[in-house]
Amino acid sequence: MVPTEESEHVSESSTAQTPRRAAQKRPTPGNPISRFFASFTLFVRQILDELRKVVRPTPSELRNYTIVVILFVLAIMAIVSGLDFLLHRLVLLVFAG
Numbered sequence: 066m067v068p069t070e071e072s073e074h075v076s077e078s079s080t081a082q083t084p085r086r087a088a089q090k091r092p093t094p095g096n097p098i099s100r101f102f103a104s105f106t107l108f109v110r111q112i113l114d115e116l117r118k119v120v121r122p123t124p125s126e127l128r129n130y131t132i133v134v135i136l137f138v139l140a141i142m143a144i145v146s147g148l149d150f151l152l153h154r155l156v157l158l159v160f161a162g
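The sequence shown maps to residues 66 to 162 in the working numbering.
If you are wondering where the hints come from, they were derived from the structure by calculation, not from laboratory data.
Built from N, CA and C at the ideal position, the CB exists for glycine as well.
Honestly, I wouldn't trust all of these hints.
Unchecked claim - Across the chosen pairs, the derived CB separations fall in these ranges:
#	residue 1	residue 2	range
1	Ile-144	Gly-95	56 to 62 Å
2	Leu-136	Leu-157	30 to 36 Å
3	Arg-100	Asp-149	33 to 39 Å
4	Leu-127	Ile-98	39 to 45 Å
5	Phe-102	Asp-149	53 to 59 Å
6	Arg-110	Ile-132	34 to 40 Å
7	Leu-136	Pro-97	52 to 58 Å
8	Asp-149	Ser-104	47 to 53 Å
9	Ser-99	Ala-140	27 to 33 Å
10	Leu-152	Val-119	41 to 47 Å
11	Val-156	Arg-110	46 to 52 Å
12	Phe-102	Thr-123	36 to 42 Å
13	Ser-146	Arg-121	32 to 38 Å
Given only the sequences and the hints, what does the whole structure look like? Please build it.
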């Protein structure tokens with residue numbers, strides 16, 4: 066996209082006219098211990114809220130997923146074992162003479 070004079074002018078003016086705000090350090094209310102416990106309870110409350118949103122699988126879905134994972138792991142084990150056996154035989158042929 067080719068920038069036009071108008072779009073350049075708009076972007077320049079919008080960035081040039083934005084006031085810069087200095088970071089002001091405001092004191093936080095309460096003592097550090099009460100702030101810690103307040104933030105910790107907020108953290109735990111947010112965790113519990115998120116856990117309520119989780120959709121849990123039904124027992125039949127859980128059984129199906131478990132079977133799929135076990136079969137996948139067995140298949141990967143068979144592939145790795147087969148490759149290990151073949152490479153072992155190849156090394157014996159090459160180096161055993």
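Against the structure, the hints:
Evaluation of the 56 to 62 Å hint for Ile-144 and Gly-95 yields a pass: the beta carbon distance comes to about 59 Å. Between Leu-136 and Leu-157 the beta carbon distance is about 32 Å. The supplied range of 30 to 36 Å therefore holds. The given range of 33 to 39 Å is broken by Arg-100 and Asp-149, whose C-beta atoms sit roughly 57 Å from each other. Taking 39 to 45 Å as the suggested C-beta distance range, the pair Leu-127 and Ile-98 conforms, at roughly 43 Å.
Distance hint check: the CB atoms of Phe-102 and Asp-149 are about 55 Å apart, consistent with the given range 53 to 59 Å. Hint check: Arg-110 to Ile-132, Cβ distance near 37 Å, so the stated range 34 to 40 Å holds. For Leu-136 paired with Pro-97, a C-beta distance near 54 Å keeps the hint of 52 to 58 Å intact. Range check, Asp-149 to Ser-104: Cβ separation about 52 Å, and the 47 to 53 Å hint holds.
In this structure the supplied range 27 to 33 Å is violated for Ser-99 paired with Ala-140, their Cβ-Cβ distance being about 55 Å. Between Leu-152 and Val-119, the C-beta spacing of about 43 Å keeps the proposed range 41 to 47 Å intact. The supplied range of 46 to 52 Å is broken by Val-156 and Arg-110, whose beta-carbon atoms lie about 59 Å from each other. Evaluation of the 36 to 42 Å hint for Phe-102 and Thr-123 yields a pass: the beta carbon distance comes to about 39 Å.
Hint check: Ser-146 to Arg-121, Cβ distance near 35 Å, so the stated range 32 to 38 Å holds.
Violated hints for the displayed structure, listed by number in ascending order: 3, 9, 11.
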